[in-house]
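There are 2 protein chains.
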Amino acid sequence: MPNFQKTREYVTNLKLLIENSDREGVRELLADLFAVDIADIIDSMEPDEARFVMEVLDNEKAVEILVEMEEEVRERFLNAYTPEEIATRFVPQMDSDDAVDIINQLPNRVKDEIIAHLKDVEVASNIVSLLHYDENSAGGLMAKELIKANINWNISQCIEEIRQQAENVENIHTVYVVDEQDRLKGIISIKSLILSKPGSRVSDIYSKEVVYVNTHSSAEDVSSLMSKYDLVAIPVVDALGRLVGRITIDDVVDVMQEEAQKDYQLMSGISESVESTDKVWILSRARLPWLLIGLLGGIANSRVIGNFDHDLVIHPEMIFFMPLVAAMGGNAGVQSSAIMVQGLANDTLGTKDILPKISKEFMVAFLNGFLCAAIIMAYNVIIKQEMNLSLTVSFALLSVIIFASILGTVVPLLLDKIKIDPALATGPFITTTNDLLGLGLYFAIGRYMLV
Amino acid sequence: MPNFQKTREYVTNLKLLIENSDREGVRELLADLFAVDIADIIDSMEPDEARFVMEVLDNEKAVEILVEMEEEVRERFLNAYTPEEIATRFVPQMDSDDAVDIINQLPNRVKDEIIAHLKDVEVASNIVSLLHYDENSAGGLMAKELIKANINWNISQCIEEIRQQAENVENIHTVYVVDEQDRLKGIISIKSLILSKPGSRVSDIYSKEVVYVNTHSSAEDVSSLMSKYDLVAIPVVDALGRLVGRITIDDVVDVMQEEAQKDYQLMSGISESVESTDKVWILSRARLPWLLIGLLGGIANSRVIGNFDHDLVIHPEMIFFMPLVAAMGGNAGVQSSAIMVQGLANDTLGTKDILPKISKEFMVAFLNGFLCAAIIMAYNVIIKQEMNLSLTVSFALLSVIIFASILGTVVPLLLDKIKIDPALATGPFITTTNDLLGLGLYFAIGRYMLV
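Note that the protein sequences, when read in sequence, are chains A and B. The numbering used here numbers the first residue of the first sequence as -17 and each following residue consecutively. The numbering used here numbers the first residue of the second sequence as -17 and each following residue consecutively.
One thing to keep in mind: the hints can contain errors.
Stated by the list, open to error - List of simulated lysine-lysine pairs, DSSO-like, C-alpha gap at most 30 Å: (1) B:LYS179 <-> A:LYS173; (2) A:LYS244 <-> B:LYS244; (3) B:LYS130 <-> A:LYS261; (4) B:LYS244 <-> A:LYS167; (5) B:LYS130 <-> A:LYS43; (6) A:LYS210 <-> B:LYS399; (7) B:LYS173 <-> A:LYS130; (8) A:LYS43 <-> B:LYS210; (9) B:LYS210 <-> A:LYS(-3); (10) A:LYS210 <-> B:LYS(-3); (11) A:LYS244 <-> B:LYS190; (12) B:LYS101 <-> A:LYS173; (13) A:LYS130 <-> B:LYS130; (14) B:LYS43 <-> A:LYS130; (15) A:LYS179 <-> B:LYS244; (16) B:LYS173 <-> A:LYS173.
Source of the hints: derived by calculation from the structure; they are not laboratory data.
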């Protein structure tokens, strides 16, 4: 059933069948569903119900569902099985990258036992070799399952190899061509494979134009290469240039989405990857650090104001525009840093030289700052505000927007230079700094203008 | 040359060859590069140089490069050609979706002339039919080029069809199976096609499990279906269920990245999609609207303070903590709205009922608010602040964090209900509203506590 929509009726119906232990009924109801849809239903079920469903379905489908389940649901589900059962029933049916992801989430003791119980030597060695890699590297993303052909073969040998590998490789995107030492030499596209004449040789039809990554390449590099070259799969080679795995676009799409989510959350001051469905205390914990930094900033602000309270006693009207000056610095700073962070993430900055960026940012900030200063000047003239105060506010606003924008440009670039995630410089950090900067400038200008 | 890195030397070298009109040299230097890498180099060249390079390369490569160029560079480049030249030299070699994207960027007059000059009837009708669709719909994303097989054929007919179509279809991911009325019936995977025995029929090996979209499905729906079901291509059907096109993952990856970028920019208060390389006035224009809203908020704040200036004269110490209370409201509100906006975008909210979300948010906010209030209380005790003011600050802080968090939760959900992009509720909007809310609450509580 393509384009399935989970309805309340459907789930109630399923739960009823499970309650009645109607194995045939459950099987029938779920027969046309994709694994990911069944996983979606199981995610909201009781462990007993989930287990019933999984036992009713054939093992191949059950494994597909297991891969698609939510992490915590899967952990709970696997708890009901011994490591040996997991090693024999589930792991051998999985793609090696999925198997490793799932095994890595289990406690170390269970992990070791599962590996010890893997009967198939190839499966075991694939998994053990993948366990080494950092999960954010190409090695951590790749699967060992792929179709490769020796450069000296002819096409019928190549087709024969596909036939043999077919059991393990779910989707065939490309055939990789290697030499006797297993070094990656090129690719054969599905098109040229299908169109090739029976007698032709691999060396006749393969293309040397192949984009690849190394096992230690970062997940971000993999994702930017695949999106730049519009690839659905990319081969991974080791330090000797030997083909050791391939990464498919679906895994990379997940990486891209996580990256974007991370930047977004950092900008909004959330320090862990959370979802609205997480528990209250996890949500609190993720949000507290930035609130504490904001608190510190607020206390610092209170000291700045304390230093200038003399001026405020003489010119209490200055208070009116404190929030305005502070907030506008924050806004302008966040805008600049966001543009830099995105430019760095998408690699669209062109050069990474800081100076031309600052001068451009200065012009943008001057333009917008001047407009804002003019508007607030007009407002102050209309409400017949004292001229010196009006000038102070407008001048402070212009300076704050310029300073905050330049700070918002420079900080992400500097962080990037020293290899710290520039996204850290967005949101609360820039806002808090610029609140301080804004008030400081405002009072300093006020002291000069209003004496 | 895979994994090509553009170096200054390389570009200087190329420019020198162009200056000397060394056609052979340019051809040789660029021979091993992918189109997207050449496009990247051309993007930073003078129009004359770009034209020289494009004229030197063979037409197929030139078309690929044209598709990959930056929009403005392409527009400038195409200006040098007549509509007839564009229609004969470039358009027929492109995938229909790329052709439509490029034609759509040209002035209407040029667009019509190009279409009038298209000689191949099929190319022309493909392009005309695609021009109808909204660019953010499945129809606007799809290409007409695909491999389809009639359900009554045998496999050799199917292979023959691929052979015929091969010229037009760049990447083969799947063969789509249709009936006599061209209605989508299922798919044949590349694996089963390669593994099928010569005598078998399409109806023997095709799978009915196919996920598809309608021409009017939104780009977001397409991208969430493809990422949910891990697809590299998805078929598009019309209202009668007839197969009319397919969308490939590379185009959808672009959509995903644009979506994420849009949300990010909205949160940072940037109202158009801009890059740091855009012109100063475009960057200014994109940033000004939110600055103006911030300005309005600041003016409103000055009125709020004006209403309470009596209290401030009696309790000038209240001023010290104005920025703190205002900023913390902004921070807490942005955190809540960011979590909602992401939950809505990723469809991970579970239910969309508002009430349980508010009560959960209340608990998170209470927890964090209480902690922050306690910390500021401790600080005020340490600096020997007057007790009533300390209580006012702590109590205001707790209330502001709670109110701002609930507002940050409710507003995106309400916007989503009335079909407005919830991301509009993030960043400057929430910050500005909460600055106001924060100060209002602070003064109200102060008036009550400090009399």
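Of the hints stated earlier, which fail here?
Hint check: 3, 4, 6, 11, 15 fail, others pass.
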